[in-house]
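The chain contents come next:
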Amino acid sequence: MSKLFSEKTKQFFMGPLGKNNPITVQVLGICSALAVTANLKPALVMGVSVTIIVAFANVIISLLRNTIPNRIRIIVQLVVVAALVTVVSEILKAFAYDVSVQLSVYIGLIITNCILMGRLEAFAMANKPWESFIDGLGNGFGYAWILVVVGFFRELLGAGSLLGFKIIPQSFYDMGYSNNGLMMMPPMALILVAVIIWIQRSKNKELQEK
Amino acid sequence: MNTNSNSYTMIYATIMVVVVALMLAIVSSSLKDTQNANVRLDKMKQILKSIHVETEGQDAEALFNTYIKEQLVINANAEVVENPANKAFNIEVKKELSLPLEKRNLPLYVAEVDGQKKFIITLYGAGLWGPIWGYIALDADKNTIFGTYFSHASETPGLGANIADKEFQESFIKPVQRKIFNDKNEFVSILVQKKSDRKASNDLHEIDAISGGTITSKGVEKMLKDCIGQYEKYLQQK
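If you're matching them up, the sequences are chains A and B in order. In terms of our numbering, the first sequence opens at residue 10 and continues consecutively. In terms of our numbering, the second sequence opens at residue 2 and continues consecutively.
Hint data in this document are derived by calculation from the structure and do not stem from the laboratory. Please note that a few of the clues may not be correct.
A partial selection of chain A residues facing chain B, derived with a Cβ cut-off under 7 Å [stated by the list, open to error]: (1) N48; (2) T95; (3) V97; (4) K102; (5) Y106; (6) N189; (7) P196.
Subject to a maximum C-alpha distance of 20 Å in a straight line, what follows is the list of computed SDA-like cross-link-like pairs (lysine to any residue) [said to hold, decoys possible]: (8) B:K175 - B:E55; (9) A:K102 - B:K175; (10) B:K167 - A:N188; (11) B:K219 - A:G190; (12) A:K102 - B:K219; (13) A:K28 - A:R80; (14) B:K167 - A:K102; (15) B:K33 - A:D107.
Beta-carbon label-pair distances, calculated as ranges [to be verified]: (16) A:K214 - B:G131: 42 to 52 Å; (17) A:L72 - B:D34: 24 to 34 Å; (18) B:T35 - A:G185: 44 to 54 Å; (19) B:S99 - A:N79: 45 to 55 Å; (20) B:V40 - A:G185: 28 to 38 Å; (21) B:Q117 - A:A105: 48 to 58 Å; (22) B:S99 - A:L172: 33 to 43 Å; (23) A:A203 - B:K70: 54 to 64 Å; (24) B:A14 - A:V57: 43 to 53 Å; (25) B:A14 - A:Q35: 28 to 38 Å; (26) A:Q209 - B:S99: 45 to 55 Å; (27) A:S187 - B:A38: 37 to 47 Å; (28) A:L171 - B:K175: 14 to 24 Å.
Where a beta carbon is used, it is the ideal one built from N, C-alpha and C, also for glycine.
Use the sequences and the hints to build the structure in full.
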């Protein structure tokens, strides 16, 4: 057990949550972060789906890493991710049709997520399956928490609700409060991500560029 | 082994493609029947939702048979088509829309809710990114909207995708049940307007558009006009 959770593996998990966050530090996966964060629920679903897929794709690529020909490694990675996503979506359609309807576009969006390709190329190609699995989980959660924070503020300020439930009472609206329509627009997601980056860098001096 | 040689790369790629293709083909064909059954049940659920019958489980088929009394195929001249090529439930509205108006076979479901007749019309149109579709149920007067259901393939989550939300669908019947014909019995459909362009929240022929989802909202407007328009003559017969 001690070997499974050594200091180094812990770092693989904790790093992406903070100082090596895929969105705020590596600035990957921005497109999907803009697309699905207008409400909290899709942000949560997307976060969980990406975490699962990136963890398992990492394991598969890590197992294959010594056999993959160098020149077509990106194609191999893409095929693994696409096959995994397609199989999951087919299974959902057969056994959890309602869920698959709800997820609709997100499933397809996972294939195009740069974090997946980034982790496969940068980590799984050079590390053992267990470490790759932990790294996948870490990066997935690192991606998910940013999405959830952005989704939280966009839905709260843009629609006055969270997960579809009204949070801001009707009396506020009667007194003249109104939802901020800009929050529903994609640019606001960029601004919110930028605010998170700002807070993170002002706390971590080592992240600041000279 | 030299994993960089040309022959190794070629063989690796070939095997990979064959294995993955085989795997996907097996998964797809072995799940096809279950998926088709799901699609059928889902269509029934969608139709039922337009008359406010909510169902989650596998009882959709039984409920569908209870509520839907008749499934007609009509044409644009308001005549019922005898012995149509496809039963109403199997008609693909998308294909019919590509034919000239007089050749189209139009599905019409006649439901009975609390002893009242309801007419359910199938809708199909284009949103921003992909197709949108839905069902609209009219009261026995063939004018007042009783309920709606909309869904979409790939509209933007949180924006255009909100047409699938209850709030948008209920705006057709709250605060007032909207009507598709005006006082002179002319077909006016329902306009999906920006809040600032609207006359009053209880206007009979307008609803609020979705902020940030303008193109999807206009897609819904066009879909309503085009699809209900096909039934104009039938609906005008009172």
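A quick look at each hint next to the structure:
Proximity of N48 (chain A) to chain B holds as hinted, the smallest CB-CB distance being about 4 Å (cut-off 7 Å). Below 7 Å, beta-carbon pairs count as interface contacts, and T95 (chain A) has one with chain B at about 6 Å; its hint therefore holds. Taken as an interface hint, V97 (chain A) does not check out: its beta carbon lies about 10 Å from the nearest beta carbon of chain B, beyond 7 Å. A distance limit of 7 Å between C-beta atoms decides the matter here; for K102 (chain A) the minimum to chain B is near 5 Å, and the interface restraint holds.
Annotation: Y106 (chain A) was flagged as interfacial toward chain B, and the flag holds, the nearest CB pair being 4 Å apart, inside 7 Å. A hinted interface residue such as N189 (chain A) counts as satisfied when its beta carbon comes closer than 7 Å to some beta carbon of chain B; here the least separation is about 10 Å, so the hint is violated. The criterion of a C-beta within 7 Å of any C-beta in chain B is not met by P196 (chain A), whose closest approach is roughly 11 Å, and the hint is violated. For the given pair, K175 (chain B) sits about 18 Å from E55 (chain B) by alpha-carbon distance, which is consistent with the 20 Å threshold.
At roughly 34 Å between alpha-carbon atoms, K102 (chain A) and K175 (chain B) are farther apart than 20 Å, so this suggested pair is violated. With a C-alpha separation of about 19 Å, the suggested pairing of K167 (chain B) with N188 (chain A) holds against the 20 Å cut-off. Proposed proximity of K219 (chain B) and G190 (chain A) is supported: the alpha carbons are some 18 Å apart, at most 20 Å. A distance of roughly 30 Å separates the Cα atoms of K102 (chain A) and K219 (chain B); the hinted pair therefore is violated under the 20 Å criterion.
For the given pair, K28 (chain A) sits about 32 Å from R80 (chain A) by alpha-carbon distance, which is inconsistent with the 20 Å threshold. Distance check on the hinted pair: K167 (chain B) and K102 (chain A) sit about 23 Å apart at the alpha-carbon level, beyond 20 Å; violated. Annotation: proposed proximity of K33 (chain B) to D107 (chain A) holds, straight-line Cα distance about 16 Å (limit 20 Å). Against the hinted window of 42 to 52 Å, the Cβ-Cβ separation of K214 (chain A) and G131 (chain B) comes to about 47 Å, which satisfies the hint.
Remark: the range hint 24 to 34 Å for L72 (chain A) to D34 (chain B) is upheld by a beta-carbon distance near 33 Å. A beta carbon spacing of about 53 Å between T35 (chain B) and G185 (chain A) agrees with the range 44 to 54 Å that was offered as a hint. The given range of 45 to 55 Å is respected by S99 (chain B) and N79 (chain A), whose C-beta atoms sit roughly 49 Å from each other. For the hinted restraint 28 to 38 Å between V40 (chain B) and G185 (chain A), the CB-CB distance of approximately 47 Å leaves it violated.
In this structure, Q117 (chain B) and A105 (chain A) break the distance hint of 48 to 58 Å, their C-beta atoms being roughly 35 Å apart. Hint check: S99 (chain B) to L172 (chain A), Cβ distance near 40 Å, so the stated range 33 to 43 Å holds. Checking the proposed 54 to 64 Å range against A203 (chain A) and K70 (chain B) shows it holds: the Cβ atoms sit about 58 Å from each other. Roughly 33 Å separates the CB atoms of A14 (chain B) and V57 (chain A), a value that falls outside the hinted 43 to 53 Å.
Between A14 (chain B) and Q35 (chain A) the beta carbon distance is about 29 Å. The supplied range of 28 to 38 Å therefore holds. The given range of 45 to 55 Å is respected by Q209 (chain A) and S99 (chain B), whose C-beta atoms sit roughly 53 Å from each other. Between S187 (chain A) and A38 (chain B), the C-beta spacing of about 46 Å keeps the proposed range 37 to 47 Å intact. Here the CB-CB span from L171 (chain A) to K175 (chain B) is close to 23 Å, well matched to the stated 14 to 24 Å.
In summary, the structure is inconsistent with hints 3, 6, 7, 9, 12, 13, 14, 20, 21, 24 from the numbered list given earlier, while agreeing with the others.
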